[in-house]
Amino acid sequence: MNEAVKFSVRGLEVRFGDVVALRGIDLEVPARSILGAIGPAGSGKTAFLRALNRLNDLSPNCRVTGQVLLDGEDINRPEYDVVRLRKRVGMVFALPVPLPMSIFDNVTYGPRLSGSRKRGQLQERVERSLRAAFLWEEVKDRLDMSGMRLSGGQQQRLCLARVLAMEPEVILLDEPCSGLDPVSTSRIEEALVALKSDYTIVLVTNNTKQAARVADRTVFFLTGEVIECGPTAQIFTAPRDQRTNDYVSGRFG
Amino acid sequence: MKPVGERVVEWTLKGLAFSALASLLLIAVFIFMEGAPFMVRLGVKDFLFSSDWRPQEGHYGIFAMIVASVWVTLGAMLVGAPLGIAGAVFLNEFAPESVRRVIKPMIELLAGIPSVVYGFIGVMVVAPLIREHLGGAGLSVLAAALILGVMILPTVISISSDAIGSVPRSYREGALALGATRWQSVHMVVLKAARSGIAASVILGMGRAVGETMAVIMVAGNAVTIPHSPLDSVCTLTAKIALEMGSAVGLHRQALFATGVVLFIGIMVLNGLAMAAMKKRSART
Amino acid sequence: MRIPPKASQAIAVALLGGATLLTLAVLVFVIVFVLGKGLPVINWAFLLDVPREMGKAGGIFPTIVGTLVLPLVAIAIALPMGVGTAVYLTEYTRPGRVTSVIRFGTDCLAGIPSIIFGLFGYIFFVTILRMGWCILSGALTLAIMVLPTIIRTAEEAIKAVPNSYREVSYSLGATRWETVLKAVLPNALPGIVTGVMLSVGRCIGETAAVIFTAGTALRLPDSLFDSARTMAVHFYILAREGISNENAYGTAAVLVISVLIVNSVSYWMMHKFISGRSA
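Chains as they are written, first to last, in our numbering: chain A, 41 to 293; chain B, 165 to 449; chain C, 166 to 444.
Just so you know, these hints were derived from the structure itself, not from any lab. Since the model is a prediction, treat every value here as computed from it, not as a measurement. All C-beta atoms, glycine included, are put in the ideal place defined by N, C-alpha and C. It cannot be assumed that every hint is accurate.
What the simulated footprint calls covered on chain A by chain C, stretch by stretch (three residues with Cβ under 8 angstroms from a Cβ of chain C suffice, anywhere in the stretch; the number is not a length) [to be verified]:
1) 59–69
2) 148–158
3) 242–256
4) 266–277
Straight-line C-alpha distance at most 27 angstroms; calculated DSS-like pairs for lysine-lysine [unchecked claim]:
5) A:Lys249 x A:Lys236
6) C:Lys324 x B:Lys356
7) A:Lys236 x A:Lys180
8) C:Lys437 x C:Lys324
9) C:Lys347 x A:Lys180
10) B:Lys178 x B:Lys443
11) C:Lys171 x C:Lys202
12) B:Lys444 x C:Lys202
13) B:Lys209 x B:Lys268
14) C:Lys221 x C:Lys347
15) B:Lys444 x B:Lys209
16) A:Lys158 x A:Lys180
17) B:Lys443 x C:Lys324
18) B:Lys268 x C:Lys324
19) B:Lys178 x C:Lys221
20) C:Lys347 x A:Lys158
21) C:Lys324 x B:Lys178
22) C:Lys324 x C:Lys347
23) B:Lys178 x B:Lys268
24) B:Lys444 x B:Lys356
25) B:Lys268 x C:Lys437
A few chain C residues that face chain A, going by a derived Cβ cut-off under 7 angstroms, partial list only [to be verified]:
26) Tyr257
27) Gly261
28) Ala325
29) Ser329
30) Val333
31) Ser336
32) Leu337
33) Thr340
34) Arg341
35) Asp391
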């Protein structure tokens, strides 16, 4: 059982200045499956996600306490290699952020950091990543075009491909479909379901139906705390907590 | 743990970041080192308050030059400040967008014209006009003030323009809603709100005028006397330094550096005042 | 008698507009005067010939070379210092005592007049370091003079790079320096180049800081340790010593045209850069 757990979070607390974004979080993220994180805006789900690749470090006034174990190793220890962590734990942001460079250079940003320079190797990786993100067919003839010129949905799949190209173990997604149309959303969801056999995926979403569609397990955040966590079917059909029930049935949020 | 390369980069950048500060200190130290001991040996009072500058005979008094710098600078302010502030107000409050888009870059170009060119125009055009119509030699306080007044226009316009532009729109709208005309809203509300920024622009303009050298050498006439009229020829602190630096040795050179010390302190005081005015503005908004 | 508000507005607008027109008229006059007197003097021989009889006859070729080389070397020195400072201030520290001390130093440096730079360069580079009057002494002095401009424009440009680019870069496992190098600086480049162009414009027109550091030799320089004369210095000497008004006008015209081109390019770039950001 233990080896099937990718992240084990214990007593996690995240503060921004005086504001407590997350408190007392105990949670396990199972390997090779999709964990959906739902909750209203400001419930702390994004802060949770960013605690998993220590991106909260970038906010000047942020303080993180507690343990986050990745394969049993605490990533919050000061001497932990953050750069290596982020290569193992990729992230897709809410708004698509293609860097202002070609599609090819976007996808190879991570690998090139790790020192891969050979065009042939990179080419193969680009194709593999773009295929896995269901984008290859649309862009294979124009890899030298700027990533900024793709449509919003394509940009987000480009961002997913960029993460896949690093060959990470975990993919974090922060409301990846919030700015996308239904067709683009379903393409992303398709890609995620196909990817979960190889990757551990944590999907933060403000769209409860999306969690219901793709997540294996779902966790419900409210005002910085975990209210309930369990198999998706149970969270949506037989929640134990009244607040979970209210939220998934659309009574608030 | 950060890799070694990253730490080397960080320390290098940190070192570079102090380059401006280090340059400033280096400049201050070397100018003072060359000039201050001389000033002390001669007596600060004799140096500052005597008008007798005859290096060959060992007389080094810069009072006439200080007075000249003050006159020329104040004259330049009389020309440049009203014109510059008026220009900034017009461009920000009354000019249509299309006009502004043409005029602003033109004024920036005014800033790029080298000071020697202004000096030359002063010699070829301004000084003869003064000589013919007002008398005197032409090369004078007045000529220098006119030329410097134009040279500081871009500074005054661009900084007061920023100050006026950063007055919240609601201030204007409030005045207009009370039935004020556009001009009333400008001179009763906008100018009041932007006054520290405008003051900063004028002080910075003064700093430029005090420090300007080449144009002044060409048009001020360079006579070391205390001027009695705007048509008299004068020699400013900067002009004296530049004129004699090439040939000065020994005590004479030290005296010129001591003059540089006086100039340096004067400029720093003006810059300090301008910074304080700017800070006041940013603290209030 | 009270002037009615409408009338006082009309008078005010007329006065303010008049002042603005006057400013523009001066600008137009300066340019038309210099070009009008100078352009007839300019021909290929004037541009490509060496000066004869101290510049009374012949061309200005060595001073064109001096005007090209001096700013180039100055920028080569100031650019790493300035951009390094800007990167440190924006990416490596948070606003605090250190940054405000550095900013204070930069602001003070920006206010120092060029004659003081000239004095400093003369005593420090030329005399104490025994470099003599040479291109390198002049360029080092100019580098210090334009450093504040480069720092400020680079800082603005770096701050304008969207934060999301940094987040993406870090999230892909980039170190801080890799993020600066690959995600931040390429996108700040137009702004940095604008600062460089502004600085080049200032170097080209500079006289007081150059004349005491780079010297006034009229020969074509062989190395960075040779003295060189820029167009601005040449023009000053021609005009001041009354060597040749005709050649002075010609030099002034070339000088003004160069400065106008450099400044127009930087102004155009700055605006392209700003509108590109907001789009």
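Results of checking the hints against the structure:
no. : hint                : verdict
1   : 59–69               : violated (count 0)
2   : 148–158             : holds (count 4)
3   : 242–256             : violated (count 0)
4   : 266–277             : violated (count 0)
5   : A:Lys249 x A:Lys236 : 18 angstroms, holds
6   : C:Lys324 x B:Lys356 : 31 angstroms, violated
7   : A:Lys236 x A:Lys180 : 24 angstroms, holds
8   : C:Lys437 x C:Lys324 : 17 angstroms, holds
9   : C:Lys347 x A:Lys180 : 24 angstroms, holds
10  : B:Lys178 x B:Lys443 : 26 angstroms, holds
11  : C:Lys171 x C:Lys202 : 46 angstroms, violated
12  : B:Lys444 x C:Lys202 : 47 angstroms, violated
13  : B:Lys209 x B:Lys268 : 46 angstroms, violated
14  : C:Lys221 x C:Lys347 : 53 angstroms, violated
15  : B:Lys444 x B:Lys209 : 35 angstroms, violated
16  : A:Lys158 x A:Lys180 : 19 angstroms, holds
17  : B:Lys443 x C:Lys324 : 21 angstroms, holds
18  : B:Lys268 x C:Lys324 : 24 angstroms, holds
19  : B:Lys178 x C:Lys221 : 50 angstroms, violated
20  : C:Lys347 x A:Lys158 : 18 angstroms, holds
21  : C:Lys324 x B:Lys178 : 18 angstroms, holds
22  : C:Lys324 x C:Lys347 : 15 angstroms, holds
23  : B:Lys178 x B:Lys268 : 37 angstroms, violated
24  : B:Lys444 x B:Lys356 : 13 angstroms, holds
25  : B:Lys268 x C:Lys437 : 15 angstroms, holds
26  : Tyr257              : 12 angstroms, violated
27  : Gly261              : 10 angstroms, violated
28  : Ala325              : 13 angstroms, violated
29  : Ser329              : 4 angstroms, holds
30  : Val333              : 5 angstroms, holds
31  : Ser336              : 4 angstroms, holds
32  : Leu337              : 4 angstroms, holds
33  : Thr340              : 6 angstroms, holds
34  : Arg341              : 9 angstroms, violated
35  : Asp391              : 42 angstroms, violated
The structure fails hints 1, 3, 4, 6, 11, 12, 13, 14, 15, 19, 23, 26, 27, 28, 34 and 35 (numbered hints given earlier, in ascending order).
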